[in-house]
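Participant: Protein sequence lines, in the order shown, are assigned to chains A and B. Those letters in the first sequence? Residues 1 to 391, by the numbering used here. Those letters in the second sequence? Residues 1 to 191, by the numbering used here.
Check before you lean on any hint, since a few could be wrong.
Label pairs and their computed distance ranges (CB to CB) [as the list claims (entries may be wrong)]: (1) Asn-83(B) / Ala-384(A): 33 to 41 angstroms; (2) Asp-30(B) / Glu-48(A): 56 to 64 angstroms; (3) Met-286(A) / Asp-112(B): 51 to 59 angstroms.
Sample of chain A residues facing chain B (criterion: CB under 7 angstroms; computed from the structure) [unchecked claim]: (4) Phe-53; (5) Glu-177; (6) Thr-278.
To be clear about the criterion: a stretch of chain A counts as covered by chain B if any three or more of its residues have a C-beta under 8 angstroms from a C-beta of chain B, and this derived list gives those stretches [claimed, not checked]: (7) 269-277; (8) 355-365.
These are computed hints drawn from the structure, not numbers from a lab. Beta carbons: idealized from backbone N, C-alpha and C, even for Gly.
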Amino acid sequence: MRERKFLSGNHAVAYAVKYIQPEVIAAYPITPQSSIVEKISQFVANREVDADFIRVESEHAALSACYGAACAGCRVFTATSSQGLAYMAEMLPYVSGSRFPMVMPVVNRSMAAPWTIWGDQQDAISQRDTGWIQLFVENAQEAFDTCLQAYRLAEDPAVLTPVMVNLDGFVLSHTEELVDLPAPEEVQAFLPPYQAKYAVDFTNPTTFCFGATPEVFAEYKYHQQAAMEAARQKITDLAVEFEQLFGRNHGGLIKEYSCEDADYILVTLGSFTGTARTAAQKLRAMGKKVGVLKVRSFRPFPAHEVARVLANTKAFGVLDRNYSYGNEGALFTEIKASLYDCAVRPPGLNFIGGLGGRDIRLDEFEAMFTKLEQAAGEPGTVKAVNFIGLR
Amino acid sequence: MYQIRWHGRGGQGAVTAARIFGLAASVYGDSFAQSFPSFGAERRGAPVLSFTKVDSVPILDRRQIYEPNMVVILDKSLIKLTNVTEGLKPGGKIVVNASEMPAEFKTKAITDNFELILVNATRIALEILHKPIVNTAMVGAACRASGLVTLESLAKAITELFPGSQEEINQLTARRAYEEAQIYRQGGDLH
Chain A
1 MRERKFLSGN HAVAYAVKYI QPEVIAAYPI TPQSSIVEKI SQFVANREVD ADFIRVESEH
61 AALSACYGAA CAGCRVFTAT SSQGLAYMAE MLPYVSGSRF PMVMPVVNRS MAAPWTIWGD
121 QQDAISQRDT GWIQLFVENA QEAFDTCLQA YRLAEDPAVL TPVMVNLDGF VLSHTEELVD
181 LPAPEEVQAF LPPYQAKYAV DFTNPTTFCF GATPEVFAEY KYHQQAAMEA ARQKITDLAV
241 EFEQLFGRNH GGLIKEYSCE DADYILVTLG SFTGTARTAA QKLRAMGKKV GVLKVRSFRP
301 FPAHEVARVL ANTKAFGVLD RNYSYGNEGA LFTEIKASLY DCAVRPPGLN FIGGLGGRDI
361 RLDEFEAMFT KLEQAAGEPG TVKAVNFIGL R
Chain B
1 MYQIRWHGRG GQGAVTAARI FGLAASVYGD SFAQSFPSFG AERRGAPVLS FTKVDSVPIL
61 DRRQIYEPNM VVILDKSLIK LTNVTEGLKP GGKIVVNASE MPAEFKTKAI TDNFELILVN
121 ATRIALEILH KPIVNTAMVG AACRASGLVT LESLAKAITE LFPGSQEEIN QLTARRAYEE
181 AQIYRQGGDL H
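Excised from the complex, chain B in its bound form (with noise of 0.2 angstroms):
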């Protein structure tokens, strides 16, 4: 079973980005999938997780995602408030929204062996959408990092989601942020 932990604010758009990953992963692909909000009460601005589940065969456990494989991080400014690594496997994998990899994972993706990859879904977001609603950009980002979505299921998860004249932006906004994410290798190159 593979898990992501998705890290945002309220009214980024977390839980939907779980939320996307998972009908994109199921009705979508060829996966079983399970997408939920931290259970409980949410403000605009706090900090917000929600949760995907994928694997290739019905999901029985109903735990909630202690040891992620991969965590996603909306918002930078969490990493300073908040552990957005707890439990996050040796070999797990970070997707940060920012215009450069933050010092804190570089460290970490030595010590843990974490693979990191950067993706700017704010500039992109700001570009097609004209708003920092960077959820359909992350999501695009971790499809391509976890590689078990593919763009077209994503695409097609979007036109369910977002219908009306939102749904071509956010579909072009998922699409940029899949092809400009990039994993960071230590000394500062990007591939």
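Extracted from the complex, chain A is given alone in its bound form (with noise of 0.2 angstroms):
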């Protein structure tokens, strides 16, 4: 039977691990991503899920243990935040050059110091390299089905990549709101028990982990890029398939709001995507031509998608929750990189907001678009990169 629950993002995790039903749970705790797994381990006490929990000294300790798990053959399950990310970041290679299809809740938090506890997105996109998917997720709605989704993705054979699902602390995390959960037999036919293809086997005998001579390695990094590839289509291909099944389409690699007249689009990435579009829906009521860009993936990054959306606008903004020292916001340097084949390129702006937690106000949204204007109609007078609200 399907039910309506008013949850927190990371409770809407938590009840989608109910329909996952991982074999084993390692986790450390660290805000704002704790309330995922102290709900998941009242879960498995009470047998509602079926899983070995593993409470572990450290994040990096938690990665580990679900790497020994998923050699078994198991599907795993754990989340982090922020340090504790950092903390796993020499496991994430194993994990995604080992081809094991994990899925990991990122419940995004700045990175210290100054120390904080509040949200951006820095702590993800510092791991963009690790050859981990990212998703990122605008609401507990589409944590919750991302999730599933995310293992279908990981655990396909054309795949076999681990996934983050990222969602924003607090705003999402810790902000409760209505959640449809689907049927569990509905779940059953949309992701079925993980089957592992290669696990630890004693009759049949199986190397993990092997260290590669310069005569191989490549060809297994070049595995990995082509499973990214791969994904690609998949992501799309779900969200398609997840829409006939329960009604909901949260977008592929990306989703549009608006855009498809519009003159000006601000390209966003998580939790701000609703307050964009309500600043858009206001400049609309107004007469102007916006629209928002969600990038929902940000690896594999939807180049080609993201370029035919903004080819033929006045102007592009970009938001980033993030900084890449030295340079620019790192959402800001894809997106122009994907329109470099386009024959006229628009004018782009960095927006850099929402840093350690900062809120953006909906009059400094609109400002963002009207600097939009002023970029396509004076060129060169607006300056690239643009913080908001800085005080």
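Build the complex from these two chains, which are given one at a time in their own frames, with help from the hints.
Facilitator: Structure representation (structure tokens):
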């Protein structure tokens, strides 16, 4: 039976785990992630989730324990945030290089110093090149739905690549809202139990994580990239299949909002998408042709799709909740590169906002669109990188 | 969109109050809702904020609340400590837990056209729950004041969040506060 609950983003993830039924869960608490694994440990204690819950001494150990269990052919789960993700950094490429189909929600939080528990996306963006698929969600329902999709994606034989499901700390993790939960049998049809193709087996011995010589190493990396390319189509297909079954589509690689005829488009990643749409709605009512483009998949990066949507704008903006020091916002760099092959490239502006949990006001979103008009009208008069609400 | 800001002290249940209201309005009502605490670390006894948004359409806007339609004050000692009416929209509502309307609000009611709602939630909680946890009483008063949530929806939300022996007494507390909440009129007479 389907049911409707009032859940925080973190509890939506925990409820998804009830449907996913991992066999091994290993996690270490860190704000703002903790309430995910707190709730799951309750489900394990109640036997609503039939998993071994391993309490470990660190995030490095959490991902290592998951790695070991994945070697044994188990479906595994862990979650983390910020410094915890950084502490896992050594293990991240071990998991992706070993092609274990793990799913890990990352509740996005800023990196110290200065120390803070509030949110931005510096943690996940800093792990961009570790070989994990990186999806970003905008609300609790999408967090729930994307966890289900992520296991299907990761476990696809053509993909076999781990997935980070990113949800913004506090704004999503600690905000309760309506979440529609599917019937268990509906999910069983969408996400059947995991059957590992390769697992530790004493009757049929296999080697995991061996040392590779220069003669073979590059081929492994080539195959990882090929798997990312396969994931590209799979993410799009899964969004369509999910909609047919459950009636919701949060986008595949991207999600457009009133972009068709838009002169000015703001590109977002994560929970600011909804507020950006609110601003766009208001401006549309005033006759301004504006739109919002949500990037849902940061890796694999939807360069082709982004170019298609942005190529005909008069100007585009990119909102980054991160900074690649010495350059600009990381998403901005990627979006600009996507447009390189276009015959005519619109001007683009970078907006840096929401760092360390700072809110972005509606008038600040409206001002971003005004700046885009200015950039189109008088090219070169607006600086490329703009910190929002800087004091 | 209707926005509510809850003022309490750590341990009084302000975060749960925001949740009960959102749950009652959405799952057990016909609205969409969001509830959230003030983001960050909280301490028992320290001033705490929490928030509820209610709308008839899905809520896209994920900003924090700056201009509430209603503020609910669980602990009247906060009135002198913090600016509890900050950003409150003209014509907005103040629901306060007190035995009589604090003088500060009487002036504001005239200058800013605020509507004042008085409920002695501490007395009600002590009588029924035998402890000064006023959140369910204040949600009862807030439901009455806002007109957004029925007593029936509220009772169902309490059933979901307060299982076992706490269910019935908290429903009773909320109902009593719903019924006792009074609109304060200038001149001192209560209706």
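Participant: Which numbered hints are broken by the structure, listed smallest first?
Facilitator: 2, 3 and 4
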